[in-house]
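**Q** In numbering that gives the first Met the number 0, the protein residues as written are 0 to 337.
Hints were generated in silico from the structure; no laboratory data involved.
Accuracy of the hints is not assured; some may be wrong.
As the list claims (entries may be wrong) - Here are the simulated PhoX-like cross-link-like pairs (lysine-lysine), alpha carbons at most 20 Å apart as the crow flies: (1) Lys332 x Lys320; (2) Lys93 x Lys172; (3) Lys284 x Lys172; (4) Lys159 x Lys93; (5) Lys172 x Lys159; (6) Lys331 x Lys320.
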Amino acid sequence: MSNTSSYENTVELFDNLTLQIDQYFAVLIFIFAVVGNSLNVLVLLQRTLRSNPCAWLFLTSTIADLISVLSGLTTRILAGWATDPTNTNSLLCKFRGFILFSSRTTAFWLIALATVDRWIASSRNARYRQMNTLKNIKICFIIVVFISVLIYSQIFYCYKANLVNTPLRCYGKSFVCQVISDTFYGGISVILPLILMIVFGLKTIFNIHQIQTRIYPRQIPIIGQNNSSKNIHSKQQSVQWKKQDRHLFSVLITQIIVQGLLTIPQVVAKVYITSTMFQIQTSLKLSFDHFTYNIALLLSFVANGMPFYIYTLCGGSSFQKPLLHIIHVIIKKLMYFK
Numbered sequence: 000m001s002n003t004s005s006y007e008n009t010v011e012l013f014d015n016l017t018l019q020i021d022q023y024f025a026v027l028i029f030i031f032a033v034v035g036n037s038l039n040v041l042v043l044l045q046r047t048l049r050s051n052p053c054a055w056l057f058l059t060s061t062i063a064d065l066i067s068v069l070s071g072l073t074t075r076i077l078a079g080w081a082t083d084p085t086n087t088n089s090l091l092c093k094f095r096g097f098i099l100f101s102s103r104t105t106a107f108w109l110i111a112l113a114t115v116d117r118w119i120a121s122s123r124n125a126r127y128r129q130m131n132t133l134k135n136i137k138i139c140f141i142i143v144v145f146i147s148v149l150i151y152s153q154i155f156y157c158y159k160a161n162l163v164n165t166p167l168r169c170y171g172k173s174f175v176c177q178v179i180s181d182t183f184y185g186g187i188s189v190i191l192p193l194i195l196m197i198v199f200g201l202k203t204i205f206n207i208h209q210i211q212t213r214i215y216p217r218q219i220p221i222i223g224q225n226n227s228s229k230n231i232h233s234k235q236q237s238v239q240w241k242k243q244d245r246h247l248f249s250v251l252i253t254q255i256i257v258q259g260l261l262t263i264p265q266v267v268a269k270v271y272i273t274s275t276m277f278q279i280q281t282s283l284k285l286s287f288d289h290f291t292y293n294i295a296l297l298l299s300f301v302a303n304g305m306p307f308y309i310y311t312l313c314g315g316s317s318f319q320k321p322l323l324h325i326i327h328v329i330i331k332k333l334m335y336f337k
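Please model the entire structure based on the sequences and the hints provided.
**A** So this is what it looks like as structure tokens:
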């Protein structure tokens with residue numbers, strides 16, 4: 000009798016913890032992510048940053064992160080109050096899963112592209128550096144969005160609401176669907192871009208150590224009596240470009256580490272749940288799976304909300320000055336209306 004009571008208490012404990020996490024921690028993460036990503040968009044839209052290919056990738060990745068948070072975390076908050084419509088409505092379930100996974104995949108791959116961009120920008124090969132243009136980056140962006148949408152179109156068939164014996168009631172409806180979802184998310188959305196980030200990050204570090212001076216395609220002509228002042232201006236501009244590149248690379252490395260640590264747990268949780276699908280699904284196992292998957296899911300949303308704080312702390316003056324300018328403008332407008 001006591002064993003049965005202890006078993007039921009453990010199940011109830013995991014269920015209550017899951018509910019409390021959705022009710023309170025999900026709200027905090029939502030505010031943290033929405034505020035951070037919104038400020039990030041405003042900062043990266045500043046003229047000094049938006050023309051830089053790497054900063055443009057950061058901007059579009061931030062927008063994708065914001066879409067991911069709004070589409071995915073809102074339903075987790077609702078689930079904490081037992082009113083999540085995606086649990087019972089299959090159409091909303093499919094649409095929510097499609098938007099969430101395609102936007103998150105887009106965000107991850109754009110950061111991977113930013114790593115490739117830093118490698119190209121630091122290359123001694125002039126032909127490679129000439130490829131580092133905003134036009135080429137925008138073409139790559141379109142390709143990434145198209146592929147992300149394409150690979151997750153299967154969600155409209157695979158996902159279903161009102162499921163039991165799954166970590167979420169809105170989940171893959173069969174073993175095959177869950178394997179497909181795990182493979183796409185774990186392999187294509189997380190692991191593969193992480194590998195590219197690490198490889199091109201190391202190659203960029205190698206380039207930086209190899210190159211003592213950077214050659215820029217833009218040169219300022221020296222004519223007439225103002226040679227000295229123009230030389231100084233050119234040197235200052237070159238130093239400024241080097242400084243911005245250094246800040247962007249520092250931000251990139253930090254973001255790779257943070258995103259890897261916060262998103263891999265969800266991949267592990269999904270693979271574990273699918274691999275144990277044919278085991279006896281006791282109420283304790285289901286409760287524990289729901290609890291662990293929920294934590295891993297919320298960690299992935301923390302990753303979606305981190306970019307602004309990483310950029311501000313690691314981006315130096317390249318990000319801090321535009322942020323201070325935005326804050327100054329907001330305060331000035333508030334004072335005006337007051």
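**Q** Broken hints, numbered, in rising order?
**A** Of the numbered hints given earlier, the structure breaks none, since each of them holds.
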